[in-house]
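Whenever a hint applies, use it, and build me the whole structure from the sequences.
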Amino acid sequence: MTPVSPAARPVVLQARGLGKRFGATLALDGVDLALRAGEVHALMGQNGAGKSTLIKLLTGVERPDRGSVELDGRVIAPSTPMEAQRDGIGTVYQEVNLCPNLSVAENLYAGRYPRRRRLRMIDWRQVRDGARSLLRQLHLELDVDAPLGSYPVAIRQMVAIARALGVSARVLILDEPTSSLDEGEVRELFRVIAQLRERGMAILFVTHFLDQVYAVSDRITVLRDGCRVGEYAVADLPPAALVNAMVGRDLPTVAGADAERAPPPDAPPAIDAQGLGCRGKLHPVDLQVRRGEMLGLGGLLGSGRTELARLLFGLDRAERGELRIGGERVELKHPADAVVRGLALCPEERKTDGIVAELSVRENIVLALQARQGWRGMSRARQDELARQLVQALGIKAADIETPVGLLSGGNQQKVMLARWLVTEPRLLILDEPTRGIDVAAKQELMAEVTRRAHAGMAVLFISAETGELTRWCDRIAVMRERRKAGELPGGSTEARVLAMIAGD
Amino acid sequence: MNAVAPAATSAAAGRRPWWRRRAQVPLLVTLVLFVAMAGAGGVLYHGFLTPQVFLNLLIDNAFLCIVAVGMTFVILAGGIDLSVGAVVAFSTVLLAELVQRHGWPPLAAIALVLAVGTGFGAGMGVLIQRFRLQPFVVTLAGMFLARGVATLISVDSIDIDQPWLASVANLRLPLGGGSMLSVGALVALAVVAAGALLAGASSFGRTVYAIGGSESSARLMGLPVDATVVRVYALSGFCAALAGVVYTLYMLSGYSQHALGLELDAIAAVVIGGTVLAGGSGYVLGTLLGVLVLGLIQTLIVFDGELSSWWTRIVIGALLLAFCLLQRLFRRKEIKP
Amino acid sequence: MAETTGTMAASSAISSRWGRGLRRCLAHPLLWPLLTLILLLAGNGLFNPGFLALQWRDGHLYGNLIDIAHRAAPLALVSLGMTLVIALRGLDISVGAVLAIAATVAAWTIGHVSNDGLLPLWLAIAAALAAGALCGLWNGWLVVGAGMQPIVATLILMVAGRGIAQSISGGQILTLYYAPYSFLGNGFVLGLPFSLFVVAAVFALLQLALRKTALGLFVRAIGHNPQAAHVAGVRARAITLGAYVFCGIAAALAGLLVSSNVNSADANNAGLLLELDAILAVALGGSLLGGGRFSLAGSLLGALIIQALTTTIYAIGVPPQVNLAVKAVLVFAVMLLQSPLCRGQLRALLRLRAERRA
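Chains as they are written, first to last, in full-length UniProt numbering: chain A, 1 to 505; chain B, 1 to 337; chain C, 1 to 358.
Simulated from the structure, these hints should not be mistaken for lab results.
Treat the numbers as computed from the prediction; the structure is a model and nothing was measured.
Incorrect hints may have been included.
Far from chain A by the CB rule (all over 12 Å, computed), these chain B residues [to be verified]: (1) 55; (2) 168; (3) 230; (4) 298; (5) 308.
With the C-beta cut set under 10 Å, the calculated list includes, among others, these residues of chain A facing chain B [to be verified]: (6) 59; (7) 80; (8) 81; (9) 97; (10) 100; (11) 111; (12) 116; (13) 121.
Using N, Cα and C, we set each Cβ at its ideal position, and we do this for glycine too.
Here it is, written out as structure tokens:
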């Protein structure tokens, strides 16, 4: 945990004490960042650690509440992405922020076309030649007249980098550029990054793949809960220590309710996946969850945890492997197929995939049960009864069951999500990061109800990035890494063992 | 694994002549359709393959052509403008009223009509951009408004006998061999040329394409998205007003019920001309071709004499369907997510 | 911070039962459309005292109010279908064309069945409804199956529909001389126009389906957050398809009423610009054009408002085409009031005023 000694290379971009608040949440709390010329600097952190907020502040998408940014010793305060570009900060996003319908050359020159003297019309010859020479700097030979969309994402990303170079960037921010690339494409990208480093550019590289961090970066800044944990030289921070710094120790606030819970007897499997996979998303995975068992699923962001959950629930269609639910072989084409067979999924993205903010607590709670029952309506009295039961069981704090869910706090929204599925009395409940962004008390209430149900025979697949939660609550832990299953650990394993498996040592 | 390396390094791999690019397929289909229809007409009907038949396509559809050029920009930017037919009608009424009943000099009246049309379009653009309203609802309301106001000006059709306008309307430009073009057709050709230049070689035009491709990307690229959207609707309003002037010359009257359903024909022409309805891809010259195809359908039906006029609507609908499906097919393959 | 405490204090001040009742009343979504309608009718009554009078003659109820309701019936039917489609984030701009098709199909059927009994009537109704359902199925398939944007998908039928209708009618306006059919649009039951019973029946059936089955919940869930509804296991595609089919059937019913009312089917002009009126009615009734929140009763009120407006304009003696301009202004006003951005700006403006005064 020793900060690196001052480096010889000059600092190009220096951020000091950046802070940003969105409503009630403090997204970023006084973060420092120093990017040096000719270095690749990795920015690491879990979901919600503040990475994307930091990037938004640097690129002018959002303005900071406090703190300052200096570029080459000059204070800059970009208020639009264009201003940031003019200041010399180029950004390449995960979803490439170029227009797929325009040609490669146009994407490189949009907004700054060379003109002909006559009529001030665009000089297309100069655009094409300029585009070719820009791309040549990256050793790319493309048909500059072809639409950008006809090239794979990897090439589009290079074009985005070339555009940033074209507007003479001093700093290049790569925001999770590798998440949709295959291995060969990643190598190609790294070649370009190395080249830019040679030319003295300062590069901020955001990713959630540990091996890539070690393959390409010189220095690492770790964020956690909106704060900077520290800045390290890569050599000083082995993978396990990095994961540790990112995850942090979530000290058990309440003694694990089930630490001494007996592992389930040889109960029949509630769900059994053999070689389940989908090209480009998940390598084949074997997974079994028994009745009454709580299986933890660990791994970093992008490790394939969520992808596995989506396949199990029929949100994506599996291309290979077979799935058995309650011993019966099934093919899931629609989540409704999974719901009918007694599966339930609390998705990771609560706001977009989970709650219907405009509908009431009652309506949100009965939605999945209704979908499972089909058209037959439930009487209002029955709905009220169910909603009240769950509101009480989970301690949902709402003025009454007719309050729109959008008005509740994050923790209570999460409880409503859980209630929606508990009311269907599922065979298997999949919880994807159910504890993220909610307070400790809500977390306890939530998990207490889940474990109670597990005792009654419900199988649970509990996905979490926090190893503490996995070891505390789960009977068995499976770990995902790089879209594969890395292995399984018995319940009661130490956090250190889980962390080691996540980091791949 | 090595998918990148060859694509990235071999220059020849990506170099394809323009007509072999996927995006051009709908346009090529339109071209083939036009030639095939003209050929079929030549075989089936005597006297079909004469230059004047084709020049008449331009003369009789000049107003549609002008409106469709404006519509092309709107659709390229990912929007839609349902008010154009009404603006054409409004413009005919305003022009006729000013010239016939108030004795305005024709050129001054035309200037005012163009200004009003442009302002009207810009107003709708502001509503769409500032308040994030859906384009179709705003322009639908604009359609009500323009026809309503046209009726307020004059309920009845106003015939025009102002000498200057009448002489311009009857002016025919001889092209040799007994064929000729009207002033309206020349204006339409000029609008197409200007539109093609604007779309292809001005930063306004390229920004329109960028917005149609991805508005958020265009914003992140620092392009002036807001101003461009307003200008696109202003341009469409201008084109509609200009088409109104041409229509007035064509009919020599101003009437609030002129050009009913013209917006549908314009959209059809744009789509048949190869512009993707979701925006971001297409050509102004393609739109000209689309207009000619629509005109040719009508001409064929007239030449046939046995086919009923309603077949025009059905054929246009079928073409619209075919091209929408074609676009989906090719777009899905061309632009991977 | 100061603001929130301010509103909290204000809300506790009117927390008496009466105050709460009043607030619920003011917040009721149907308040504004109802108020608009009442004001419109009351304004008419003020200028023309006989306007609101109802008369009992020959066993029928007569009067402007009945007349407005009767004339609004076709639009009301179409608006009900449109409400459902819009609630599911869709749009159907082909309703006018579908109405024309259904009217022509009904007229054609009657013309081709020679029977003096009621058989032609039933056949005509069945054929028209089937045609409407088919059109709806086509639209729905383009949206759900082919994945087209709703406005594009329904544009195709809007363009081709009247051509299809004309090809059935042979380009003629089909005149109907068949008394039982005429009853649909002109008959009276219990002293009231039969068309009102048709609207009431469709409204009641739809309301029943939405309230007594899970349909209402599904529609609102899909409209507000299609992705969340999908994850919860709601089969959105089937429901969306069903909504378009229903919209087609509703337009066909409207076509029956319209053609029966004037004893003829005009493929060219029946239901012209109906799609615009229907969208306007839905918006006036307080449904969100972006989907999710909807009100069937509101759409009925919206249809009544539009008809009352038309009647008023006729009554005043202004050329009826002015109606278009008035409707346009109405659409603009409703749209701006629905736009959260505009509301925010208005609120900021009001606050600025209040601050300046303080």
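For a quick check of understanding: which of the numbered hints are violated here, in increasing order? none
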